[in-house]
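Protein chains in written order, with my numbering: chain A, 294 to 677; chain B, 40 to 372; chain C, 999 to 1225.
These are computed hints drawn from the structure, not numbers from a lab. Worth double-checking, as some hints may not be accurate.
[Claimed, not checked] Derived contacts from chain A toward chain C, CB cut-off under 10 Å, selection only:
1. S295
2. E298
3. R301
4. F306
5. W312
6. L390
7. D672
[Claimed, not checked] To list a few chain B residues with every Cβ distance to chain A over 10 Å, as calculated:
8. I103
9. F177
10. Y236
11. Y299
12. I357
Idealized CB from N, CA, C, for every residue including glycine.
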Amino acid sequence: MSAIEKQRHIIDFMLSSLWRRKGKNLSLVVVYTFVIFLLASIMFFSHAIKKEAGLILKDAPEIMVQRLVAGRQSFIPDSYADAIRKIKGVQSVSPRLWGYYYDGQNGANYTLMANDDLRDWPGDILIGKGVTLRRATATDNTIIKKNDSIPFKTYDGAYLMLKVKGILPAASALVTSDLVLVSESDFRKIFSIATDHATDLVLQVGNGKELSTIAAKITQLYPDTRPILRTEILRTYDAVFDWRAGVIIVILSGAFFAFIILAWDKATGLSAEEKREIGILKAIGWETSDILLMKFWEGAALSLSAFLMGILAAYLHIFLTASALFAPVLKGWSVLYPDFRLTPFVSPYEIAILFFLTVIPYTVATIAPSWRSATIDPDSVMRT
Amino acid sequence: MMFHPGILALLLGSALTTAMLCYCAFEGARIIRSWDIRSGSRLQLALERRTYLISMAMSYALGIELLSLFLFIYTADSLSPLFVGAMCAAGSLNVNDFGYPALVLKIVDFLLAGVWLIVNYTDNKASDYPLIKVKYGFLILITPFLVAETLVQSAYLLGLKPDIITSCCGTIFTTDANTVMSGLIGFPRALSEAALYISVGATLLLGTVFYLKGKGGYLFSISAMVSFPISILALITFISLYFYELPTHHCPFCILHPEYGYVGYPLYISLLAGAVSGMGAGAVMPFHKIKSLAGVLPRIQKRLALVSILSFAAFMLISGCGILFSHLSLAAY
Amino acid sequence: MIHLQNIHKVFNAGRPNEFAAIRGVNLTIDSLKATALKGPSGSGKTTLLSILGCMARPTSGRITLKEREITSLPERFLTDIRRKTFGFMFQQFHLIKGITAIENVMIPAYPDGEKHSVLKKRAIGLLDLLNLSHKASAKVEWLSGGEAQRIAIARALINDPDIIIADEPTAHLDTHLSGEFMEIMSRLKAQGKTLLIASHDPIVYLSDVIDRIVDMRDGMICPVDAP
């Protein structure tokens, strides 16, 4: 007597009986797969985007110092940089010049940033993919190409024509889509910022453990400044994406409960034919635990197929079609949305969570109905 | 914070397990009150049918407990970036007072549920359910532990707020801080090693004697039970150092990470398996005088002893390989 | 072989539709003999058969099977004994639709975990004995009444039981097939099986195969009239 052979026999019989009732089981598997698909899509998306953000922010400055006036960001004098440079542990301080430029023609906001490489090339700019769509409208599909010129309205109403020297690679679209890199002199022409002021300062710190102490020292030196740590940004992104994912999951809980009720109903509502079959099995020598074993394998087969199909569908959905279904909610609103492909990234942890949120409730919901069907009296077929 | 998918999964899992268990305890009480194997009455037949349901529910509960133990650690790990100072699960669990107690309760509950399933299995092998009242009494005793685990775990998970400053395993698991942990790590290494060899050695030896001759069951079981915490202590105080190749990295959770080859899983699973089977063998010892168990009990205990021996041996083997092939030499420390 | 002592079986005890199917039956079934249970419907024949065949537990009384008392054995042990000791044939055959004949024959042996090839060989052997091996892969819905009957017999024999129990086996068969059935029964008896057949069909209970007739009425065994 072999336990493995016994399982094999029971699984054989279970598969054939599932197939004999494929109509009923198919509808359950479809709904099951759909629920898993939804949940998996959300989780894959938020996980991948968190990972993406982390990778991109890897090269972000460890500390950014902004100056606040009346609660709003204001320009920071270069003298601050000199003093901060002297703080122990600070390796370098560089002033950054950047701001938002509103393009009245197509209602888009660009991020304009002064770039050191363009210092000797006034009049040239580098633009991101989203900016190339500047002239694209419903009727006119011209996109900006290299060597085209874009007019920028300066602070005093004049127009500054700047030539597109190059377009930033699509791979960096997540952060550069709306970016325009200009030379420092052009930047100051457009925005009229004094030469001894900058938008903010970026710091490089040698020892990661000292970030908070240095930040504290900066605030002590200049109480009107606000140092922002990269780790804080990462944490905020994580929290926001987690929160958004979680909110969607909670919203979907309605669908989830409907599915559980369906599963329970299918498990309880045995057709007369099924009841008869179990009765026969018990009459010819199958024991309650044998029937329970068969029901267990049934649940496992249904769950496994739904799980695999749901995850595969979610994977294709998120990573191949760029989450066509609910990207807007998760990403936020913007006119210039970058068309980026998320790097496929799935971790065993997510699979485990999906398992907990779907297969386990399904299994628990079917325990009592399985038991009830398995405890049919063996002599029930004789009494009919 | 509350909406992290991992947290939702854990809360759902523990809610389901607690609900199932409370139902089982309730039915168990009914069975204790009205069970009479010799009767053929409708009530008795219904009760017999019900024991199948309870067995089934408990088996699933144990499975969920085991998975959720690892999911709990994994979730704490993945939440660590959200807490200042935390770099792995060790830090996340320290965020509020409920983290470590929740972990301890989860381990205890897994062991208790495992032992219950062993008693249940034994009972089912005898032809007159001799242990029926014992096992349901035991179940009723376990229930408060599981309810406590759900409550403590929920208190921990729901009380998590980002921006709370906590410490990473480097500072928790260090000899400098003034905590229980540091007391444990400050344990002289030689003593910890000795304790490990003595306890696991005793378990292996007593287990083999029990397997071959059937004597010394209680001693073996106690030895297995004691070896469990001692092995974990050994892991924290010196074994993990070899896997991390750092003389100061004492964290018990980082060995579950992919960069160490997930070696933590086989280590902890073998310890859990060894502890449960050893404790189970002892738990059924008091019943070897019962006639209907006379035939099946020795065989079950033998199999449990074998599982326990092999599990602890696996643990020693994996640890040994880790130590041998590590680039670290602790001779100087 | 089987010994029933003061067996009572009550359904729905304590409820308004309480019904005593068996009221105080004392019966001994001898091995290697064929016993027929005779009686009108409602006499408790079927209930008695299910108790004799370890399919149901009596409300009170004692049962011994081959010297071992089995009255209060829990289901899992009872089923184990039943599978190995008894082979059942039902009035409606109760074959599982949608699967082949040979699968139907093998199903009772699945829980014992025998190797599939060994089991299949035995099943084919049984079908051979009953001249049905050409129908092994046929779906049961396509079998004639007589063929289905023989598949049911093969299924009852797959675990090589000592005792065959049949409940109204000839109810759906014509005279010719009923005769065939009794012939198969006599072959089985010659092989050393004990037979227990419930029937109100004279072809069965008046057959030479039957060694003893037990009359039932209103849940009790009628006393045997002096010959």
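Results of checking the hints against the structure:
1. S295: Since the shortest Cβ distance to chain C is 5 Å, the answer is holds.
2. E298: Hint on A/E298: holds, closest Cβ of chain C at ~4 Å, below 10 Å.
3. R301: At about 7 Å, which falls below the 10 Å cut-off, the nearest Cβ of chain C leaves the hint on A/R301 intact, so it holds.
4. F306: holds (7 Å)
5. W312: It holds, given that the least Cβ distance between A/W312 and chain C is near 8 Å, below 10 Å.
6. L390: Given a least distance of 77 Å, the restraint on A/L390 is violated.
7. D672: Hint holds; A/D672 Cβ to chain C Cβ min 4 Å, cut 10 Å.
8. I103: Non-interface label fails for B/I103: nearest chain A Cβ at 6 Å, not farther than 10 Å.
9. F177: holds (21 Å)
10. Y236: holds (34 Å)
11. Y299: The claim holds: B/Y299 sits with its nearest Cβ about 15 Å from chain A, beyond 10 Å.
12. I357: holds (20 Å)
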